[in-house]
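2 protein chains.
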Amino acid sequence: MLTTTTRRIASLLLGLVIWFTPVPAGLDPQAWQLFAIFAAVIFSVISGALPIVLASILGLVAAVMTATLEPRQAYAGFGEGLIWLIVAAFLVGRGVINSGLGYRVAYLLVRRFGSSSLGLGYSLVATDALIAPAFVSNTARSGVLFPIVCALAESNHSRPEDGSRRHIGAYLTMTSMAGLALSSGLWLTAMGANPIGVALAAGYGIKIDFGSWFLASSVPTITAMLVVPWMLYRVFPPELKATPHAPIEAQARLDEMGPLSRKEWTTLATVLGLVGGWAFAGALGIDTASVALLGFAVLMLGGVFTLEDLRKSGGALEILIWFAILFTMSSELNRLGFMSYLGDQLAGGLVDLPWPLLYTSLIVIYVLIHYLFVSQTAQLLALFGVFLSIAVPHVPGPLIAMMLLLATNFFSVITPQGSSCNVILAGSGYVTSREIYKYGGLITLANLVIYLVIGTPWILFVLD
Amino acid sequence: MLTTTTRRIASLLLGLVIWFTPVPAGLDPQAWQLFAIFAAVIFSVISGALPIVLASILGLVAAVMTATLEPRQAYAGFGEGLIWLIVAAFLVGRGVINSGLGYRVAYLLVRRFGSSSLGLGYSLVATDALIAPAFVSNTARSGVLFPIVCALAESNHSRPEDGSRRHIGAYLTMTSMAGLALSSGLWLTAMGANPIGVALAAGYGIKIDFGSWFLASSVPTITAMLVVPWMLYRVFPPELKATPHAPIEAQARLDEMGPLSRKEWTTLATVLGLVGGWAFAGALGIDTASVALLGFAVLMLGGVFTLEDLRKSGGALEILIWFAILFTMSSELNRLGFMSYLGDQLAGGLVDLPWPLLYTSLIVIYVLIHYLFVSQTAQLLALFGVFLSIAVPHVPGPLIAMMLLLATNFFSVITPQGSSCNVILAGSGYVTSREIYKYGGLITLANLVIYLVIGTPWILFVLD
Chain A
1134 MLTTTTRRIA SLLLGLVIWF TPVPAGLDPQ AWQLFAIFAA VIFSVISGAL PIVLASILGL
1194 VAAVMTATLE PRQAYAGFGE GLIWLIVAAF LVGRGVINSG LGYRVAYLLV RRFGSSSLGL
1254 GYSLVATDAL IAPAFVSNTA RSGVLFPIVC ALAESNHSRP EDGSRRHIGA YLTMTSMAGL
1314 ALSSGLWLTA MGANPIGVAL AAGYGIKIDF GSWFLASSVP TITAMLVVPW MLYRVFPPEL
1374 KATPHAPIEA QARLDEMGPL SRKEWTTLAT VLGLVGGWAF AGALGIDTAS VALLGFAVLM
1434 LGGVFTLEDL RKSGGALEIL IWFAILFTMS SELNRLGFMS YLGDQLAGGL VDLPWPLLYT
1494 SLIVIYVLIH YLFVSQTAQL LALFGVFLSI AVPHVPGPLI AMMLLLATNF FSVITPQGSS
1554 CNVILAGSGY VTSREIYKYG GLITLANLVI YLVIGTPWIL FVLD
Chain B
1134 MLTTTTRRIA SLLLGLVIWF TPVPAGLDPQ AWQLFAIFAA VIFSVISGAL PIVLASILGL
1194 VAAVMTATLE PRQAYAGFGE GLIWLIVAAF LVGRGVINSG LGYRVAYLLV RRFGSSSLGL
1254 GYSLVATDAL IAPAFVSNTA RSGVLFPIVC ALAESNHSRP EDGSRRHIGA YLTMTSMAGL
1314 ALSSGLWLTA MGANPIGVAL AAGYGIKIDF GSWFLASSVP TITAMLVVPW MLYRVFPPEL
1374 KATPHAPIEA QARLDEMGPL SRKEWTTLAT VLGLVGGWAF AGALGIDTAS VALLGFAVLM
1434 LGGVFTLEDL RKSGGALEIL IWFAILFTMS SELNRLGFMS YLGDQLAGGL VDLPWPLLYT
1494 SLIVIYVLIH YLFVSQTAQL LALFGVFLSI AVPHVPGPLI AMMLLLATNF FSVITPQGSS
1554 CNVILAGSGY VTSREIYKYG GLITLANLVI YLVIGTPWIL FVLD
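Protein chains in written order, with the working numbering: chain A, 1134 to 1597; chain B, 1134 to 1597.
No wet-lab data here; the hints were simulated from the structure. Fair warning: this is a prediction, and the values are worked out from it, not measured in the lab. Warning: the hint list may mix true and false statements.
You can't tell identical chains apart in this list, so a pair holds if it fits in one copy or across any two.
As the list claims (entries may be wrong) - Once the Cα atoms are required to be at most 20 Å apart in a straight line, the calculated DMTMM-like pairs of lysine to aspartate or glutamate come out as:
1) 1445 / 1294
2) 1374 / 1397
3) 1445 / 1295
4) 1571 / 1372
5) 1571 / 1442
6) 1374 / 1287
7) 1396 / 1382
8) 1340 / 1203
9) 1571 / 1382
10) 1374 / 1161
11) 1571 / 1287
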């Protein structure tokens, strides 16, 4: 076993080695330095050397003090609306639990599906998949799932702090995170980047609409939705497995709770308002983060979320810090051309391969590069065009386009910061960053195999 | 007694009345709308309708949803380095307390000055005044004072949550905040805006250096340092007054503590490093916020501040939210020309008054306008030139320049957001925002009288 100190030194050394390696031709030296810092940060988290928030702070300080980033650039991520959508949705989620409403929904789910942990896992994924087409922000959707996951865990006596997180909370959290990666790809309108990708594909003469997207996605996505919760149940098992009495207990708790309290009504109305606001935000030109902040303010005005609750909500500060910093670093790497340089280098030399091999290699590379990205949309904007241009003369266009778009969703759980929709669940305390790297990587591998093996013939069949 | 609901409705009405009042000639309509929102926010805090964090969030949402501010502008404040200096200094302050070092310094102060609350108040102000010339950031200085104030309060069994805050904590917090307003004006190098003001004054042919600044400032500032803690002791009294046994108890506690622990050494080294970093940040071109974040990271690496501590530090999120939002609104009002318009309107008509009356009116107006500003530097940059131009043909130049520069410091406690150096202490939970408005206003009035009555002849005597 390596000590923490050894891991910390190794992370530092990795950063120094990259930093002092000669800058590859055609690359901005600033991009290379930033990559060295970013790589050290990510490695320190994967290796367990540092918690993600501390690794991120040290990365930010290193970037500023070495003048790799101007202070103004380095702190800019904290002022992104997306970050405040996450923070507000996280706080609203705590409010949903405080009000009792989270428990009520959890008991309703347990009453129906709660005789096994696996059943609860499937019920969460199914719920997510069914509400997904109404949420173009999967981050907002994760904010709705988060209190249900926490309440399900807590009602089964599984808490983040007291050593009982693996009881059931860790399994449900990881399953929900995996479910979000799949539900976001199931519908054209289940994630913000999907319509952007469809618009970009149209530029290559590839037409995809709501119906054809769902048709192409349905078979591989539903297969993955069936396989992944079961696979997690095997490799990351909850301690609690069969719970035959749980539905009866849930009914008893529901009877105890009686009708909805005033706080629950306030919360229910707020959540419905949020869902409506988020669903129509695009059409009405409303800022989603402001919708979320308004929802949070309403919960405070209604006494569901108190000032004392806020003063205990350091977890929101924690996710704000690490996600904003990693988001900034990844965005700057992209802005400096590092990402498209890397995509070109990795994919450009493959065009002489037979097309099925070229196709498979491009998808695998596209997925692996997501280790460096802190936004699904950013990767799509940076690399979708690059990869499509390389592939289109050789690979059937609708196939490669659709698979890249699906990959943009199913790869999101490869790291804790791989999608903003992971962040709230990652902040629950039920799973560690290291576990997300490990099991998120495994889930992504399973998704990759399922989509390539089952999705490829299916898409060729329905889209060509 | 007005109910909270009545106060909330009154705040909303105030905003609506201003919003629908015809825009004054020469003013940008956007500036007028933003002023309506800002006024409603401030009024809701002063009247006790809303806690400052909730008022700020509602103000931000209103500004975004009415398209008064673009989302990008509205969230920009969260990405200001200054805000992250505050957050990091706040967290470091908690680390200083966690390590035990805060208590040790507190006991040392109590052993020497602790036989009365008033004595402790004076000792805090004196400590601040003596270390001030080495801190060009008074925000950083407040981060050093904060753990001492908290430890002094806690060691006297006065805590923010359990109803004992008025025991001694509230008095010491308010006194320290008042002391910062004075210490920042005592030395040319005790606050970031001071050298800027001196540079601006040089443009009007007025020369001020480190020595002449201190000479001019010394008599009124030291007078105020003697008067204000005593005045607060009368109007905002601590419940604990004479504590003849406290020094003996403090000695006993120090004996118990024994020599510095490893955590205390880590913390002491970190704080000294921070002080050094902040002192030389300007000369070396280092970003002060990164210095603070590095200090915080060192405390986490050293185990002084744990992940669990961070997850309980929602107070840092609270001050981050309200200060960033108010800072943004005030900055935007300034950028849109509202502040200089107001300064011109209020001060421009006074030039025909006899000079002593003109001088006094200008200073009073300059101080009152600070109700709208969320940064001392911003007000200096916006209005120092305007006011100096109006005054200089009539009032002795060195007098009006020096008094405006001193006012830029002594008015800082007029609101919780009047200076970034208030924010950390305001976030301690020992004083409410309303109390800061009330007693901060009173202190500012006392400062105004002292500086005008004693400072004016003194400055004329030494600077002319």
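Now the hints, each set against the structure:
1. Taking identical chains as interchangeable, the C-alpha atoms of residue 1445 and residue 1294 lie at most 20 Å apart whether they share a chain (14 Å) or sit on different chains (12 Å).
2. Taking the closest pair of Cα atoms, residue 1374 and residue 1397 never come within 20 Å of each other, the shortest separation being 30 Å inside a single copy and 46 Å across copies.
3. In this assembly of identical chains, the alpha carbons of residue 1445 and residue 1295 lie at most 20 Å apart whether taken from the same copy (17 Å) or from different copies (15 Å).
4. For a Cα distance limit of 20 Å, the shortest separation of residue 1571 from residue 1372 inside one copy, 19 Å, qualifies, whereas the shortest one across copies, 56 Å, does not.
5. In this assembly of identical chains, residue 1571 and residue 1442 lie within 20 Å of each other by CA distance neither inside one copy nor across copies; the values are 32 Å within and 26 Å between.
6. In the homo-oligomer, the alpha carbons of residue 1374 and residue 1287 lie at most 20 Å apart inside one protomer (15 Å), although the nearest pairing across protomers, at 47 Å, exceeds that limit.
7. Proximity of residue 1396 to residue 1382 under the C-alpha cut-off of 20 Å is found in neither arrangement, the shortest distances being 23 Å within a copy and 48 Å between copies.
8. In this assembly of identical chains, residue 1340 and residue 1203 lie within 20 Å of each other by CA distance neither inside one copy nor across copies; the values are 42 Å within and 34 Å between.
9. In this homomeric assembly, residue 1571 and residue 1382 never come within 20 Å of each other (Cα to Cα): the closest approach is 34 Å inside a single copy and 53 Å across copies.
10. For a Cα distance limit of 20 Å, the shortest separation of residue 1374 from residue 1161 qualifies neither inside one copy, at 53 Å, nor across copies, at 65 Å.
11. In the homo-oligomer, the alpha carbons of residue 1571 and residue 1287 never lie at most 20 Å apart, since the shortest distance is 24 Å inside one protomer and 44 Å across protomers.
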